[in-house]
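*Asks:* Once you have looked at the hints, place chains B and C on chain A.
Letter by letter, the chains look like this.
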Amino acid sequence: MSEHDVLNPKEMPLNPEKATLEGKNKFIGFWFFLGGETVLFASLFGTYLALNGSTNGGSSSQELFGLELVFIMTMLLLTSSLTSVYAMYHMKNNDFKKMQIWLGITVALGLGFLGFEIYEFYHYIHHYEFTLRSSAFGSAFYTLVGFHGGHVVFGLSWIIALMIRNAKRGLNLYNAPKFYIASLYWHFIDVVWVFIFTVVYLMGVL
Amino acid sequence: MSTMVATNKRSFGSVLWDYLTTVDHKKIAILYLVAGGFFFIVGGLEAMAIRWQLVTPMNDFVSAGLYNELITMHGTKMIFLAAMPLIFAFMNAVVPLQIGARDVAFPFLNSLGFWLFLFGGIMLNVGWITGGAADAGWTAYAPLSTTSPGEGVDYYVLGLQISGAGTLIGGINFLVTIVNMRAPGMTYMRMPLFTWTAFVASALILFAFPALTVGLFLMMFDRLFGSGFFDPNMGGNSVIWQHLFWIFGHPEVYILALPAFGIFSEIIATFSRKRLFGYSAMVFATVLIGFLGFMVWAHHMFTVGMGPAANSIFAVATMAIAIPTGIKIFNWLFTLWGGNIQINTAMLWSLGFIPTFTLGGMTGVMVAAASADYQFHDSYFVVAHFHYVIVGGVVFALFAATHYWWPKMFGKILNETLGKITFWFFFIGFHMTFFIQHFLGLMGMPRRYWVYKEGQGLDLGNAISTAGAFLMAIGTIVLLYNVIITSVKGEKVGGDPWGARTLEWAIPSPPPFYNFKQLPLVRGLDPLWIEKTEGRDGMTPAEPIGDIHMPNNSFLPFIMSLGFFIAGFGFIYQKYDLAWLSLVFIGMGIALGSMLMRSVKDDLGYHIHKEDLVKEAKE
Amino acid sequence: MAEKSSLHPAQLDYERQKRKDEMKQQVVTFALMIIFTIISFSMVIAEIDKLFVIPVIIVLAAVQVGFQLYYFMHMSHKGHELPAFMFYGGVFAAFLTILALIALVWW
Numbered sequence: 001m002s003e004h005d006v007l008n009p010k011e012m013p014l015n016p017e018k019a020t021l022e023g024k025n026k027f028i029g030f031w032f033f034l035g036g037e038t039v040l041f042a043s044l045f046g047t048y049l050a051l052n053g054s055t056n057g058g059s060s061s062q063e064l065f066g067l068e069l070v071f072i073m074t075m076l077l078l079t080s081s082l083t084s085v086y087a088m089y090h091m092k093n094n095d096f097k098k099m100q101i102w103l104g105i106t107v108a109l110g111l112g113f114l115g116f117e118i119y120e121f122y123h124y125i126h127h128y129e130f131t132l133r134s135s136a137f138g139s140a141f142y143t144l145v146g147f148h149g150g151h152v153v154f155g156l157s158w159i160i161a162l163m164i165r166n167a168k169r170g171l172n173l174y175n176a177p178k179f180y181i182a183s184l185y186w187h188f189i190d191v192v193w194v195f196i197f198t199v200v201y202l203m204g205v206l
Numbered sequence: 001m002s003t004m005v006a007t008n009k010r011s012f013g014s015v016l017w018d019y020l021t022t023v024d025h026k027k028i029a030i031l032y033l034v035a036g037g038f039f040f041i042v043g044g045l046e047a048m049a050i051r052w053q054l055v056t057p058m059n060d061f062v063s064a065g066l067y068n069e070l071i072t073m074h075g076t077k078m079i080f081l082a083a084m085p086l087i088f089a090f091m092n093a094v095v096p097l098q099i100g101a102r103d104v105a106f107p108f109l110n111s112l113g114f115w116l117f118l119f120g121g122i123m124l125n126v127g128w129i130t131g132g133a134a135d136a137g138w139t140a141y142a143p144l145s146t147t148s149p150g151e152g153v154d155y156y157v158l159g160l161q162i163s164g165a166g167t168l169i170g171g172i173n174f175l176v177t178i179v180n181m182r183a184p185g186m187t188y189m190r191m192p193l194f195t196w197t198a199f200v201a202s203a204l205i206l207f208a209f210p211a212l213t214v215g216l217f218l219m220m221f222d223r224l225f226g227s228g229f230f231d232p233n234m235g236g237n238s239v240i241w242q243h244l245f246w247i248f249g250h251p252e253v254y255i256l257a258l259p260a261f262g263i264f265s266e267i268i269a270t271f272s273r274k275r276l277f278g279y280s281a282m283v284f285a286t287v288l289i290g291f292l293g294f295m296v297w298a299h300h301m302f303t304v305g306m307g308p309a310a311n312s313i314f315a316v317a318t319m320a321i322a323i324p325t326g327i328k329i330f331n332w333l334f335t336l337w338g339g340n341i342q343i344n345t346a347m348l349w350s351l352g353f354i355p356t357f358t359l360g361g362m363t364g365v366m367v368a369a370a371s372a373d374y375q376f377h378d379s380y381f382v383v384a385h386f387h388y389v390i391v392g393g394v395v396f397a398l399f400a401a402t403h404y405w406w407p408k409m410f411g412k413i414l415n416e417t418l419g420k421i422t423f424w425f426f427f428i429g430f431h432m433t434f435f436i437q438h439f440l441g442l443m444g445m446p447r448r449y450w451v452y453k454e455g456q457g458l459d460l461g462n463a464i465s466t467a468g469a470f471l472m473a474i475g476t477i478v479l480l481y482n483v484i485i486t487s488v489k490g491e492k493v494g495g496d497p498w499g500a501r502t503l504e505w506a507i508p509s510p511p512p513f514y515n516f517k518q519l520p521l522v523r524g525l526d527p528l529w530i531e532k533t534e535g536r537d538g539m540t541p542a543e544p545i546g547d548i549h550m551p552n553n554s555f556l557p558f559i560m561s562l563g564f565f566i567a568g569f570g571f572i573y574q575k576y577d578l579a580w581l582s583l584v585f586i587g588m589g590i591a592l593g594s595m596l597m598r599s600v601k602d603d604l605g606y607h608i609h610k611e612d613l614v615k616e617a618k619e
Numbered sequence: 001m002a003e004k005s006s007l008h009p010a011q012l013d014y015e016r017q018k019r020k021d022e023m024k025q026q027v028v029t030f031a032l033m034i035i036f037t038i039i040s041f042s043m044v045i046a047e048i049d050k051l052f053v054i055p056v057i058i059v060l061a062a063v064q065v066g067f068q069l070y071y072f073m074h075m076s077h078k079g080h081e082l083p084a085f086m087f088y089g090g091v092f093a094a095f096l097t098i099l100a101l102i103a104l105v106w107w
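Protein chains in written order, with this note's numbering: chain A, 1 to 206; chain B, 1 to 619; chain C, 1 to 107.
Calculated directly from the structure, the hints in this document are not laboratory data. Be aware that one or more of the hints could be misleading.
If you want the footprint, here are the derived chain A segments under chain C, 3+ residues with CB under 8 angstroms [unchecked claim]:
| no. | stretch |
| --- | --- |
| 1 | 19 to 33 |
| 2 | 43 to 52 |
Capping the alpha-carbon separation at 20 angstroms, the derived lysine-lysine pairs in PhoX-like fashion look like this [to be verified]:
| no. | chain 1 | residue 1 | chain 2 | residue 2 |
| --- | --- | --- | --- | --- |
| 3 | A | Lys97 | A | Lys178 |
| 4 | C | Lys20 | A | Lys92 |
| 5 | A | Lys168 | A | Lys10 |
| 6 | A | Lys92 | A | Lys178 |
| 7 | C | Lys24 | A | Lys98 |
| 8 | A | Lys10 | A | Lys97 |
| 9 | A | Lys98 | A | Lys178 |
| 10 | A | Lys178 | B | Lys601 |
| 11 | B | Lys601 | A | Lys168 |
| 12 | A | Lys92 | A | Lys168 |
| 13 | A | Lys98 | C | Lys20 |
| 14 | B | Lys489 | B | Lys412 |
| 15 | A | Lys168 | A | Lys178 |
| 16 | B | Lys492 | B | Lys27 |
| 17 | C | Lys78 | A | Lys92 |
| 18 | C | Lys78 | A | Lys98 |
| 19 | B | Lys489 | B | Lys420 |
| 20 | C | Lys20 | A | Lys97 |
| 21 | C | Lys18 | A | Lys92 |
| 22 | C | Lys50 | A | Lys92 |
| 23 | A | Lys168 | A | Lys97 |
Footprint (simulated), chain A over chain B, 3 or more residues, beta carbon under 8 angstroms [claimed, not checked]:
| no. | stretch |
| --- | --- |
| 24 | 133 to 140 |
| 25 | 174 to 180 |
| 26 | 228 to 237 |
| 27 | 429 to 439 |
Quick reminder that beta carbons are idealized off the backbone N, C-alpha and C, glycines included.
Chain A on its own, in the form it takes in the complex (with noise of 0.2 angstroms):
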């Protein structure tokens, strides 16, 4: 397959995500290394759940956590795990324009839940004066909670490259690989959210 036939396909095939042997590698390669980051939070829920208790006589869990704005943060993450698939949905339908329209109703989601999760960061440091250095337990919430954060972050700067740097050509057999493996990561970090609000909140609380 050419360069030219990549980038202006005649006809977008089913499953444009792996119609290149790129996006064949990208896919599978993609999965591998979510496999690779699933231990890598495991580690730190691993570290959350040895340290949870060691609060050094500072705040606990039970004193900070309060399920109102976790559950709003849930579902706004839970939300953006359906629209990006809506989204993907559109991409093997070939109908760019509403593909663009669902990641950024996913996008504003994500930017939700990190106004969310800042404010709560912020609420505990300047209202509890929990901080990193608080207590072992503080180490390992908001690294463990951070990690997940910074996980946002990156994803939602990634999915708002793509859009951008697509928004005029449409889609290709070169960039359909590219928003594919963007909405698995998305969709991964819903994954670990799961786990965070019933390991560390729901838990937490108990």
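*Replies:* Just chains B and C now, with coordinates in the frame of chain A:
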């Protein structure tokens, strides 16, 4: 072809630029070989300093502090900056050729992996010139590491973080390459054993390195940002570091050892003129070792106090690994049995490996017995054990691979006489150095101490050990001389100087940059051998001559790695003065900026046209 | 390059329709995920016994993640055998890591 002629007379600058921007796996292999070889020599010099300090009782060749830095940097360097990249050198040079691919799956990431490794490796060593390298042992146990003054351990943490990212990228690249890029007919059960071991080792990299990544982040936060993961005063627990380190650290042993097994499997089969005995059992054993390798890490922590239940589980799991390893040892022996054996340097290393590694394996079962390990722990017995495994297994394999694949990489055979001299010096020197250390350990000599007292019966053993180290050094120097003399005077050889069995020998040495003009049709295990037995010279092509798609070179991997390198200094020195944070922003800006550039700039590669290929064949 | 433009229009319509149906299924999956989340939160708010709640919310989280993987990330589709295998390899290593850090750190 006109460009071919031009390559012969290029200036130094253009060659340098070519290597800085290359995405060709064969050139990246050479970069890994040179960089890994350099760190191997520096690490060896550190080892010589250690042995010279221990040559007599109460020696004062180096100070206690410098001794700690030497043992730390020797261990870290040999594992992460010598053994790993040298393994990657041969994986890069050979795996794509063995599976009949024109390139790896992610040429750009392949280059990024190398540059991250190199900049991380440099960062790790910067401590030497800024007033003290890392001195907490290569395992960097907390609280020794978290309270170590100066920046030595910071350089360890940041350096390993950067080079570890490179290794992870390299691992994913090889996984996908082996999954997606195999030539027509190259089924999984027809893959050469080196490719299989590279595959399993890459999977281990994928699952083991993230644990190290997290461990290093926690260590970095503790040292640089005041967190309390490993600080009991804040409720932290230093055992967490030990777990994370060894969850990574034990698979790491197999990440190194499995490709070494693969190298020997190729060499022994080739020079016995026999198909590898028990191929499927070898594949099974490789996968089983990889699987079990994840469930044994806590045997490094028997004396921490995990209790008898945990110790027993990990002891049994550890001993179980002896079974697949035993399968491998017997399969090599049976491959030799009845073979038409040709003894050359590569084969000498392989034959030397079998008993040496078996010794390391036997002491491995000894230290795996948790109750006995209370005696062996932190003594020279353990030092002897892991040098038998890592040197006797991995370094011997690297020497063997150097001799075996040198003609494929550079088109010349390393001098055989000099090769054999290297082998005998190194082999005898190795056993002199480390065999006696088993007994020093049993006599109670602890590891990592900078002096020992007179009159405790340790003098003679240590003197012999140091003498052996010098023999190894002589062997290595002879090898270096061999490389130089071969490069200058060696004669060019053809594509298949050994009469070998696998695909990499079906193409010219060194291979053209596109590897295979036509992808070969693989009809079974040892595809080239099959064609030879049926009287053909080379492989049957699986496709007509056509345009070949190639990736573009890129300077971005270098820039990206440089960005992380700069940011690393910022992270370290902001602990003294927050103004240094500006370096973090600059460095991360460069790194993330180049990532963005990579993302938005189309890179579709180019095509070598069919007409040029045909024309080149005629010339 | 397995599937080029050679698809028959009828087949194309069939695939499109299948996708449309699947999209409906995705919405149902999403609804279930939301319900699971609400159950988890309300069980915690209702202050039911810890020993009961913790296992249940972890199972609910695992099921939710299963939905996410198999439907949202299409792991149920063909061609996902190796991704699934390697991903579960990661899950296996992750499981051991978490188990060790829970059980073998304090004593």
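*Asks:* Work down the list of hints and note, for each, if the structure agrees.
*Replies:* Structure-based check of all given hints:
no., hint, result
1, 19 to 33, "holds (count 7)"
2, 43 to 52, "holds (count 6)"
3, A:Lys97 / A:Lys178, "16 angstroms, holds"
4, C:Lys20 / A:Lys92, "11 angstroms, holds"
5, A:Lys168 / A:Lys10, "18 angstroms, holds"
6, A:Lys92 / A:Lys178, "13 angstroms, holds"
7, C:Lys24 / A:Lys98, "17 angstroms, holds"
8, A:Lys10 / A:Lys97, "18 angstroms, holds"
9, A:Lys98 / A:Lys178, "17 angstroms, holds"
10, A:Lys178 / B:Lys601, "13 angstroms, holds"
11, B:Lys601 / A:Lys168, "14 angstroms, holds"
12, A:Lys92 / A:Lys168, "18 angstroms, holds"
13, A:Lys98 / C:Lys20, "15 angstroms, holds"
14, B:Lys489 / B:Lys412, "9 angstroms, holds"
15, A:Lys168 / A:Lys178, "16 angstroms, holds"
16, B:Lys492 / B:Lys27, "19 angstroms, holds"
17, C:Lys78 / A:Lys92, "16 angstroms, holds"
18, C:Lys78 / A:Lys98, "26 angstroms, violated"
19, B:Lys489 / B:Lys420, "18 angstroms, holds"
20, C:Lys20 / A:Lys97, "18 angstroms, holds"
21, C:Lys18 / A:Lys92, "12 angstroms, holds"
22, C:Lys50 / A:Lys92, "45 angstroms, violated"
23, A:Lys168 / A:Lys97, "10 angstroms, holds"
24, 133 to 140, "violated (count 0)"
25, 174 to 180, "holds (count 4)"
26, 228 to 237, "holds (count 8)"
27, 429 to 439, "violated (count 0)"
The earlier numbered hints that this structure contradicts are 18, 22, 24 and 27.
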